[in-house]
Amino acid sequence: MIVEVTDLRREFVVRRRAGRLRRTRDVVAAVDGVTFGIAPGECVGYIGANGAGKSTTIKMLTGILVPTSGTVRVCGLEPVRDRTTLARRIGVVFGQRSQLWWDLPLRDSFRLLGAIHRLPTSAWEPRLAECVQLLEMEPFLDTPVRQLSLGQRMRGEVTAALLHSPELLVLDEPTIGLDLLSKERLRAFLVRERAERGTTVLLTTHDLPDIERLCDRILVVDHGRVAFDGDLPGLVARVGAERVLVVDLAEPGPPLIDVPGTTLRAVEADGLRQHLAFRKEDTTAAAVVAAVSARVELRDLAVHEPAIEDVVRRLYLE
Amino acid sequence: MADATTAQAYNALVRSRVAAQASYRASFAIELGSQVLLVLIEFVEVYVVFHQVDALGGFDFAEVAVMYGLSAVGFGLADMVVGHVDRLPFYVRTGTFDAFLLRPLSALGQLVTSDFSLRRLGRIGSGVVVLVIALAGADVDWTPARALLVVVTPLAGGVIFGAVFVATCTIGFHVVEGMEFANAFTYGGNYLSSFPFNIFGTFIRRFFTFVVPAAFVAYLPTLALLGRSDPAGLPGWLSWSAVPAALIAAAAAGWIWRLGLRHYVGAGS
Amino acid sequence: MSVIAVGPAVALAGAGYRRWATYRQAALAGVFVNTVFGVIKLSILLGIADSAGGTVAGYDAASLSTYAWVSQGLIAVVMIFAWTELADRVRTGDIAVDLARPVDLQLSWLAQDIGRAAWALLSRAVVPIVFGAIFFGFYWPTDPTAIILLPVSILLAVCVSFAGRFMVNLTAFWLTEIRGLVLLYVLVAGLLGGHLVPVQLFPDWLQAAAYATPFPAMVQFPINLMTGQATGLRALGEVAVQVAWAVGLLLLGRLVLSRATRKLVVQGG
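In order, the protein sequence lines correspond to chains Y, F and B. Position one of the first sequence corresponds to residue 1 (the working numbering), numbered consecutively onward. Position one of the second sequence corresponds to residue 1001 (the working numbering), numbered consecutively onward. Position one of the third sequence corresponds to residue 2001 (the working numbering), numbered consecutively onward.
Okay, chain Y solo, but in the shape it has when bound:
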């Protein structure tokens, strides 16, 4: 196991003002007894609502925060005690925080990181060249970081985290705020990185396609506890996540109540637009479209995938 977490718990003291002078002191457990392991080469999606304890767990894995109780081992090390040793073996990207030097050209940040990791030039330059080529960073390599777009900066952040060829890559919301093209480029790069080097990846995200493209396994946390541990089909099967086909008809039609394998969720504009929900196990989008167009004339259609938040919310409704 490259990551071993046993009965991990982290409490915070929350002070609140109650009245003019009095303050109350509450102990809140952000992570409340989490146990899991990650095998080398796995890619695990760590998901949950905001405030579910994701960031707190990641901080404990990377040595920024001490657990209140329980144990953490990463690469066989104790993160807080062996922080600088661990830092040479893992790479971390925080999507909303930068680890690059904002006033220096991107290239200089990489040079500095090479020096900080005490890597010989021969070790990091080929790696950088590879990332620059795959992530198409050449055009903005000499631009100061503060002038980069979010997508460009994020490619720089991921490269920065991989420069020292870490065994474990931790990505906290790596695709947040990116446009579709940037997201897809980053996912393709990470898929390749895993295939070529067998890097273990731990990823938090709100984006279902991230999980579909990248993760073998999902851990869902809620209120500081692991609520689900398994793969995506398993999760969808368990909560019965529905995809929704939205069809626009050429002219107002009757409610489509008897399409096989679907449930009619909503009818708008006198039947001009209808929402049909279905499960992946029951039927396919193609079959539903075929069945609908056999009955009425279709003008437009769209398939809505279940959002991660919906899947997770359903998990708790059980």
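These are calculated hints, taken from the structure and not from any lab test. Incorrect hints may have been included.
To be verified - Over 10 angstroms on every C-beta distance to chain Y, these chain F residues come out as not near it, computed from the model:
(1) V1036
(2) F1061
(3) I1133
(4) L1148
(5) H1174
(6) N1183
(7) L1234
Said to hold, decoys possible - Incomplete in silico selection of chain B near chain F, CB under 7 angstroms:
(8) Q2025
(9) E2177
(10) L2187
Backbone N, C-alpha and C fix where the C-beta goes; we use that ideal spot for every residue, glycine too.
Following the hints, complete the assembly by docking chains F and B onto the known chain Y.
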């Protein structure tokens, strides 16, 4: 720990900071100039004092000017190399400090090398000028030991103020907006170390000798240069003790830093 | 010239008060620092008085103490330290929003600044003065004219100080980097205003230079009413000088603002 590659890493960090400043030449020149002026204006205060009287606490203008010069150079050195550590609360809030912790270097080392305020050369330079002129005017019986003391004292002063900067910046780990507290010890220490200590009350004198060792920056070494004993009764060997005081201060600051860091990562509370 | 109505002015002053009142930790830290500096400043002044045989330039030990503590207490009230809030809005372009509001820009900022000063008076001036009065000798004013004029004089000091800061901030319309200029202004204002050493202690040429500037009207004049340096007709005269500086500088500020606005309109900032 301090092997050659680590030194290279810090070297690269500092060089990148210097390069970033050099790219804003015009604003750098103005800031350098205001640092020179800062010393002049501070020194006007000493000048005004000696416009009214011939001696302060039994020391004449040239002697107090020596204290002022030693303090200005020592504080300027500390301010240039570590003065920016008071940005710690900002780094904590923006997550930059977490990025420090994710790199295989000491967090304190990265905080200290996160900037290098070259403009303080203005303060150091004008401090040296004041010091040299004052030494020429003061009645010093030069010996090799005293010559060595004059050279070593500003460096020891830099280490002492550097230690005060580091120790007090850890306030930023504990309270969100209390960073100004640090000014009482950093800038306050610099203010007071430019004057003879026997004009201060017992508590202030002891506090800024044994807790915040500002007395070792200028006042005590000046006594040694002049061959005088402390009117307030400190033993004579203390006047020669700026270097050991600086080493003790640095060790204490390192310990206080580790306490603060432990609090930050949640182990201390 | 549009004039601000009483209702909105009071509301703006209240907003200024409340906005600053949220920074309690910072206020506490500020009080602590002002008090430490007060002890150091007073020690130096008493050292001068001691060497001069008890009194210096009309100050005895008790009135020096009053000078030291009132000058420390007024730092935050008059805000003689760096203030770049307005310049920041100019730099970011937010100033366009302020100009579009149906209230006078200068007077609405003045109203907010008076609210801020009121909070500073309660949170940051009272403690150093009470501390000084308890632990050090203290001269309490006895002249009825001086006592009656004191609140007026403090209010006028805030107005003069604001008018000066307002103009320094407006230079951000023309200069890209004003940090050096602000630092310079703060240093000169602190020295010539009599914040470091009373203006009465200056050599004649420096006194003449100081009285040619508005800075004593920001710091020294209200303190004079407390230390008994200004009584009766002299007190009235100094307040009249404050009125003249306040009106003159505020009018000059409006002129500069109209130039700046024209630049904004013509060149789009």
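May I ask you to check that F/F1061 keeps its beta-carbon over 10 angstroms from the closest beta-carbon of chain Y?
holds (44 angstroms)
For F/N1183, is the shortest CB-to-CB distance to chain Y above 10 angstroms, so the non-interface label stands?
F/N1183 clear of chain Y: closest Cβ-Cβ about 26 angstroms, beyond 10 angstroms.
Would the non-interface assignment of F/L1148 survive a Cβ cutoff of 10 angstroms against chain Y?
At about 36 angstroms from chain Y, F/L1148 clears the 10 angstroms cut-off, so the statement holds.
Taking C-beta pairs only, is F/V1036 more than 10 angstroms away from all of chain Y?
About 25 angstroms separates F/V1036 from the closest Cβ of chain Y, which puts it past 10 angstroms; holds.
Tell me if the interface restraint on B/E2177 is satisfied: Cβ within less than 7 angstroms of some Cβ in chain F.
holds (4 angstroms)
Restraint check, 7 angstroms cut-off on beta carbons, for B/L2187 near chain F:
holds (5 angstroms)
Is the Cβ of F/H1174 farther than 10 angstroms from every Cβ of chain Y?
Holds: least Cβ distance 13 angstroms, greater than 10 angstroms.
May I ask you to check that F/I1133 keeps its beta-carbon over 10 angstroms from the closest beta-carbon of chain Y?
holds (38 angstroms)
Status of the B/Q2025 interface restraint (C-beta, 7 angstroms, chain F)
holds (5 angstroms)
Are all beta-carbon distances from F/L1234 to chain Y longer than 10 angstroms?
For F/L1234, whose nearest Cβ neighbour in chain Y is about 42 angstroms away, the distance exceeds 10 angstroms, so it holds.
The structure is consistent with each of the numbered hints, conforming to all of them.
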